[in-house]
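Number of protein chains: 4
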Amino acid sequence: MHKTRLEAFSDGVLAIILTIMVLELKVPHGDSFAALRPLLPVFLSYVLSFVYVGIYWNNHHHLLSSARQINGSVLWPNLHLLFWLSLIPVSTGWMGENHFAPATLAVYGVILLGSAVAYFLLQNRLIALNGGDDAPLARAVGRDWKGKLSPVFYLLGIASSFVLPWLAGAIYVAVALLWLVPDRRIERSLRAQPE
Amino acid sequence: MHKTRLEAFSDGVLAIILTIMVLELKVPHGDSFAALRPLLPVFLSYVLSFVYVGIYWNNHHHLLSSARQINGSVLWPNLHLLFWLSLIPVSTGWMGENHFAPATLAVYGVILLGSAVAYFLLQNRLIALNGGDDAPLARAVGRDWKGKLSPVFYLLGIASSFVLPWLAGAIYVAVALLWLVPDRRIERSLRAQPE
Amino acid sequence: MHKTRLEAFSDGVLAIILTIMVLELKVPHGDSFAALRPLLPVFLSYVLSFVYVGIYWNNHHHLLSSARQINGSVLWPNLHLLFWLSLIPVSTGWMGENHFAPATLAVYGVILLGSAVAYFLLQNRLIALNGGDDAPLARAVGRDWKGKLSPVFYLLGIASSFVLPWLAGAIYVAVALLWLVPDRRIERSLRAQPE
Amino acid sequence: MHKTRLEAFSDGVLAIILTIMVLELKVPHGDSFAALRPLLPVFLSYVLSFVYVGIYWNNHHHLLSSARQINGSVLWPNLHLLFWLSLIPVSTGWMGENHFAPATLAVYGVILLGSAVAYFLLQNRLIALNGGDDAPLARAVGRDWKGKLSPVFYLLGIASSFVLPWLAGAIYVAVALLWLVPDRRIERSLRAQPE
Numbered sequence: 001m002h003k004t005r006l007e008a009f010s011d012g013v014l015a016i017i018l019t020i021m022v023l024e025l026k027v028p029h030g031d032s033f034a035a036l037r038p039l040l041p042v043f044l045s046y047v048l049s050f051v052y053v054g055i056y057w058n059n060h061h062h063l064l065s066s067a068r069q070i071n072g073s074v075l076w077p078n079l080h081l082l083f084w085l086s087l088i089p090v091s092t093g094w095m096g097e098n099h100f101a102p103a104t105l106a107v108y109g110v111i112l113l114g115s116a117v118a119y120f121l122l123q124n125r126l127i128a129l130n131g132g133d134d135a136p137l138a139r140a141v142g143r144d145w146k147g148k149l150s151p152v153f154y155l156l157g158i159a160s161s162f163v164l165p166w167l168a169g170a171i172y173v174a175v176a177l178l179w180l181v182p183d184r185r186i187e188r189s190l191r192a193q194p195e
Numbered sequence: 196m197h198k199t200r201l202e203a204f205s206d207g208v209l210a211i212i213l214t215i216m217v218l219e220l221k222v223p224h225g226d227s228f229a230a231l232r233p234l235l236p237v238f239l240s241y242v243l244s245f246v247y248v249g250i251y252w253n254n255h256h257h258l259l260s261s262a263r264q265i266n267g268s269v270l271w272p273n274l275h276l277l278f279w280l281s282l283i284p285v286s287t288g289w290m291g292e293n294h295f296a297p298a299t300l301a302v303y304g305v306i307l308l309g310s311a312v313a314y315f316l317l318q319n320r321l322i323a324l325n326g327g328d329d330a331p332l333a334r335a336v337g338r339d340w341k342g343k344l345s346p347v348f349y350l351l352g353i354a355s356s357f358v359l360p361w362l363a364g365a366i367y368v369a370v371a372l373l374w375l376v377p378d379r380r381i382e383r384s385l386r387a388q389p390e
Numbered sequence: 391m392h393k394t395r396l397e398a399f400s401d402g403v404l405a406i407i408l409t410i411m412v413l414e415l416k417v418p419h420g421d422s423f424a425a426l427r428p429l430l431p432v433f434l435s436y437v438l439s440f441v442y443v444g445i446y447w448n449n450h451h452h453l454l455s456s457a458r459q460i461n462g463s464v465l466w467p468n469l470h471l472l473f474w475l476s477l478i479p480v481s482t483g484w485m486g487e488n489h490f491a492p493a494t495l496a497v498y499g500v501i502l503l504g505s506a507v508a509y510f511l512l513q514n515r516l517i518a519l520n521g522g523d524d525a526p527l528a529r530a531v532g533r534d535w536k537g538k539l540s541p542v543f544y545l546l547g548i549a550s551s552f553v554l555p556w557l558a559g560a561i562y563v564a565v566a567l568l569w570l571v572p573d574r575r576i577e578r579s580l581r582a583q584p585e
Numbered sequence: 586m587h588k589t590r591l592e593a594f595s596d597g598v599l600a601i602i603l604t605i606m607v608l609e610l611k612v613p614h615g616d617s618f619a620a621l622r623p624l625l626p627v628f629l630s631y632v633l634s635f636v637y638v639g640i641y642w643n644n645h646h647h648l649l650s651s652a653r654q655i656n657g658s659v660l661w662p663n664l665h666l667l668f669w670l671s672l673i674p675v676s677t678g679w680m681g682e683n684h685f686a687p688a689t690l691a692v693y694g695v696i697l698l699g700s701a702v703a704y705f706l707l708q709n710r711l712i713a714l715n716g717g718d719d720a721p722l723a724r725a726v727g728r729d730w731k732g733k734l735s736p737v738f739y740l741l742g743i744a745s746s747f748v749l750p751w752l753a754g755a756i757y758v759a760v761a762l763l764w765l766v767p768d769r770r771i772e773r774s775l776r777a778q779p780e
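Residue numbers (our numbering), protein chains in the order written: chain A, 1 to 195; chain B, 196 to 390; chain C, 391 to 585; chain D, 586 to 780.
No lab work stands behind these hints, which were simulated from the structure alone. Careful, some of the hints might be misleading.
Here are the simulated EDC-like cross-link-like pairs (lysine to aspartate or glutamate), alpha carbons at most 20 Å apart as the crow flies [as the list claims (entries may be wrong)]:
no. : chain 1 : residue 1 : chain 2 : residue 2
1   : B       : Lys221    : D       : Asp616
2   : D       : Lys611    : C       : Asp523
3   : B       : Lys343    : B       : Asp328
4   : A       : Lys26     : B       : Asp226
5   : D       : Lys733    : D       : Asp718
6   : B       : Lys221    : B       : Glu292
7   : A       : Lys148    : A       : Asp133
8   : B       : Lys221    : A       : Glu97
9   : D       : Lys611    : B       : Glu292
10  : D       : Lys611    : D       : Glu682
11  : D       : Lys731    : D       : Asp718
12  : C       : Lys416    : A       : Asp31
13  : A       : Lys26     : C       : Glu487
14  : C       : Lys536    : C       : Asp523
15  : C       : Lys416    : C       : Glu487
16  : B       : Lys341    : B       : Asp328
17  : A       : Lys26     : A       : Asp134
18  : C       : Lys416    : D       : Asp616
19  : A       : Lys148    : A       : Asp134
20  : A       : Lys146    : A       : Asp133
21  : C       : Lys538    : C       : Asp523
22  : C       : Lys538    : C       : Asp524
Every beta carbon over 10 Å from chain D, so not counted as near; a handful from chain C, in silico [to be verified]:
no. : residue
23  : Ala398
24  : Gly402
25  : Gly420
26  : Arg458
27  : Trp474
28  : Glu487
29  : Phe490
30  : Leu511
31  : Gly522
32  : Asp523
33  : Arg529
34  : Arg533
35  : Ala549
36  : Val553
37  : Trp556
38  : Ala564
Beta carbons: idealized from backbone N, C-alpha and C, even for Gly.
Let's have the full structure, built from the sequences with the hints guiding it.
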């Protein structure tokens with residue numbers, strides 16, 4: 001099992017997910033600025049999902065570059081993560097085209113939740129492969145409070161979709177911002193080890 | 196002939212096949228959960244095909260990482276496999292949009308069969324290049340009972356499409372599950388050899 | 391942080407942006423040469439955008455191959471650049487389908503401007519990481535008059551979209567030509583250093 | 586200039602071209618085999634173009650792996666080739682949807698011709714960079730009779746599109762078959778050199 005090819009394949013899928021999302025931004029009808037207005041919610045949901053896919057790419061990148069051991073048992077947890085992420089474009093488009101209607105917000109939250117759980121499972125598989133809870137990878141991941149908090153927030157978002165739709169949207173944006181703040185844990189921890 | 200570039204190109208094509216399949220999941224019309232219901236068969240067929248493409252990626256990955264010798268004669272058997280796999284998205288979409296109608300199940304089976312045969316030809320080409328039947332690659336592949344059984348099942352699936360459509364679907368799911376069970380043969384065999 | 395994976399991911403996204411632009415070139419209705427005529431503006435805008443994405447790929451390639459130090463703080467500036475570039479296909483299609491109408495020219499200019507600013511920020515981040523203004527990377531980038539001039543031209547293009555649309559188009563073409571002239575600075579400068 | 590990244594980017598673009606062609610194979614309307622019949626010409630044109638893109642990938646692969654020297658002056662000839670190849674999907678779809686009508690056959694020929702000329706220019710640039718006509722790369726390429734003959738055939742195909750459409754189609758198929766016959770020149774020549 002070569003880590004390189006797993007990374008290359010995941011990069012390929014993530015790059016395509018990131019890029020086909022823009023296909024939901026259909027060429028507007030009409031040649032004036034007014035023709036752009038109906039695109040605004042689709043555009044905003046695109047920005048949010050672009051950030052989420054970017055966050056997953058960054059985290060995936062850091063996680064795999066911290067892992068020294070890898071084997072065939074990682075392939076399916078990795079594909080499982082890519083499966084959930086592959087649903088982001090269509091649910092982004094659905095949310096944008098329907099102006100963040102309750103059901104679309106809830107489904108978006110479910111897909112974020114599924115992605116977070118899949119990432120958690122992949123991370124656990126890699127920690128188990130790399131010496132368990134006391135080994136460098138486990139220490140690099142640390143207490144992972146962001147990873148543990150995010151699913152709770154997604155559940156709150158899903159629950160509030162039907163009561164306070166704007167709150168659901170705000171929660172999804174907040175979680176993205178939480179991750180955007182650079183996470184130097186793994187890099188710092190890695191720097192302390194000999195390469 | 197560098198194995199790296201063959202792998203990178205195949206990874207690219209497989210990543211795109213995996214990802215464009217999701218384009219068949221069209222953004223639903225309507226903003227309620229009820230709007231999702233017509234998508235269910237398309238979604239189920241997407242899950243099945245995602246698993247199949249994942250299986251091919253895993254097997255292709257293992258096969259190529261076990262092969263030490265490679266040359267230009269591998270390029271077309273590899274492209275032949277990618278050709279069959281490239282037909283999976285459209286036949287998945289056709290099957291899903293028509294609620295697994297007999298003809299769509301049969302065509303899906305034909306494409307799975309074509310892919311299996313193409314994989315078999317690629318594997319044989321690589322075994323021949325890597326010392327034949329007694330060499331490490333041949334031993335790593337082993338008796339390959341899954342590879343030999345699958346086409347028989349696909350034929351059964353195609354045949355039953357018109358008599359018992361649900362059986363055809365069940366067969367395709369069963370073959371996927373058969374492969375999902377991790378196949379440690381090649382990894383074990385490779386581990387026994389010096390890298 | 392491995393430069394290779396950052397490059398591979400960026401290459402993936404750029405390759406997809408380059409290629410999905412051609413999806414805006416819809417299969418013409420009718421089977422005569424006359425059926426191609428309505429495609430001409432879409433085709434011309436495709437050529438222009440292809441050249442722009444090609445320029446960004448070249449520059450990105452040179453910039454990253456000149457950088458010796460890289461870390462996690464580069465990931466978001468890089469994704470920010472890819473975000474702006476990902477908007478090129480839809481704005482190209484809008485411009486082409488509306489025969490270079492004023493608003494479409496202005497929006498195209500805004501996206502070129504955003505891309506240029508994002509590239510500038512990425513370049514600055516990399517220079518800061520690589521020893522600052524006196525280090526080899528800063529010298530390789532040099533005074534970067536093209537990079538400083540382009541945003542000015544884009545602003546001129548945006549401004550003239552509503553007054554003299556043809557001038558806006560001419561400016562975008564001129565900036566592309568400016569960059570097409572091979573830029574040997576970085577390569578020359580790199581050649582002077584030991585690898 | 587690192588050859589790896591040029592190859593990776595080209596592989597990415599070629600993989601996407603190969604795969605988005607299948608998007609022209611629209612999900613058929615209707616759930617019977619009869620619904621597949623209208624797809625037949627689109628399918629046949631897809632097979633032909635798949636083979637052509639495969640040939641270009643193979644040749645590009647061989648050419649670049651034979652080249653030892655590479656620099657920035659190769660980037661645009663390479664992008665120029667990718668530009669022509671990127672037009673293959675839309676012209677394939679046009680040809681297929683219009684049952685190989687004269688104008689569509691002629692345009693397909695023009696794009697094959699443009700690709701062949703672009704490949705020739707790239708090859709010349711690489712030969713000049715790698716020691717000129719007496720150096721290993723030039724000897725590896727050899728007299729390149731296939732490369733010189735193909736444009737002549739494409740011109741014949743274009744010319745006959747309006748007189749004998751079937752002949753144009755036959756010529757395009759024949760040129761593809763000509764290239765499918767494995768071309769061992771470069772590999773043989775390379776094997777004779779020390780790696």
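Hints and how they fare:
no.: 1; hint: B/Lys221 x D/Asp616; result: 19 Å, holds
no.: 2; hint: D/Lys611 x C/Asp523; result: 54 Å, violated
no.: 3; hint: B/Lys343 x B/Asp328; result: 16 Å, holds
no.: 4; hint: A/Lys26 x B/Asp226; result: 19 Å, holds
no.: 5; hint: D/Lys733 x D/Asp718; result: 16 Å, holds
no.: 6; hint: B/Lys221 x B/Glu292; result: 11 Å, holds
no.: 7; hint: A/Lys148 x A/Asp133; result: 16 Å, holds
no.: 8; hint: B/Lys221 x A/Glu97; result: 12 Å, holds
no.: 9; hint: D/Lys611 x B/Glu292; result: 12 Å, holds
no.: 10; hint: D/Lys611 x D/Glu682; result: 11 Å, holds
no.: 11; hint: D/Lys731 x D/Asp718; result: 18 Å, holds
no.: 12; hint: C/Lys416 x A/Asp31; result: 19 Å, holds
no.: 13; hint: A/Lys26 x C/Glu487; result: 12 Å, holds
no.: 14; hint: C/Lys536 x C/Asp523; result: 18 Å, holds
no.: 15; hint: C/Lys416 x C/Glu487; result: 11 Å, holds
no.: 16; hint: B/Lys341 x B/Asp328; result: 18 Å, holds
no.: 17; hint: A/Lys26 x A/Asp134; result: 50 Å, violated
no.: 18; hint: C/Lys416 x D/Asp616; result: 26 Å, violated
no.: 19; hint: A/Lys148 x A/Asp134; result: 19 Å, holds
no.: 20; hint: A/Lys146 x A/Asp133; result: 18 Å, holds
no.: 21; hint: C/Lys538 x C/Asp523; result: 16 Å, holds
no.: 22; hint: C/Lys538 x C/Asp524; result: 19 Å, holds
no.: 23; hint: Ala398; result: 6 Å, violated
no.: 24; hint: Gly402; result: 6 Å, violated
no.: 25; hint: Gly420; result: 8 Å, violated
no.: 26; hint: Arg458; result: 14 Å, holds
no.: 27; hint: Trp474; result: 19 Å, holds
no.: 28; hint: Glu487; result: 15 Å, holds
no.: 29; hint: Phe490; result: 21 Å, holds
no.: 30; hint: Leu511; result: 22 Å, holds
no.: 31; hint: Gly522; result: 25 Å, holds
no.: 32; hint: Asp523; result: 24 Å, holds
no.: 33; hint: Arg529; result: 18 Å, holds
no.: 34; hint: Arg533; result: 19 Å, holds
no.: 35; hint: Ala549; result: 30 Å, holds
no.: 36; hint: Val553; result: 32 Å, holds
no.: 37; hint: Trp556; result: 25 Å, holds
no.: 38; hint: Ala564; result: 18 Å, holds
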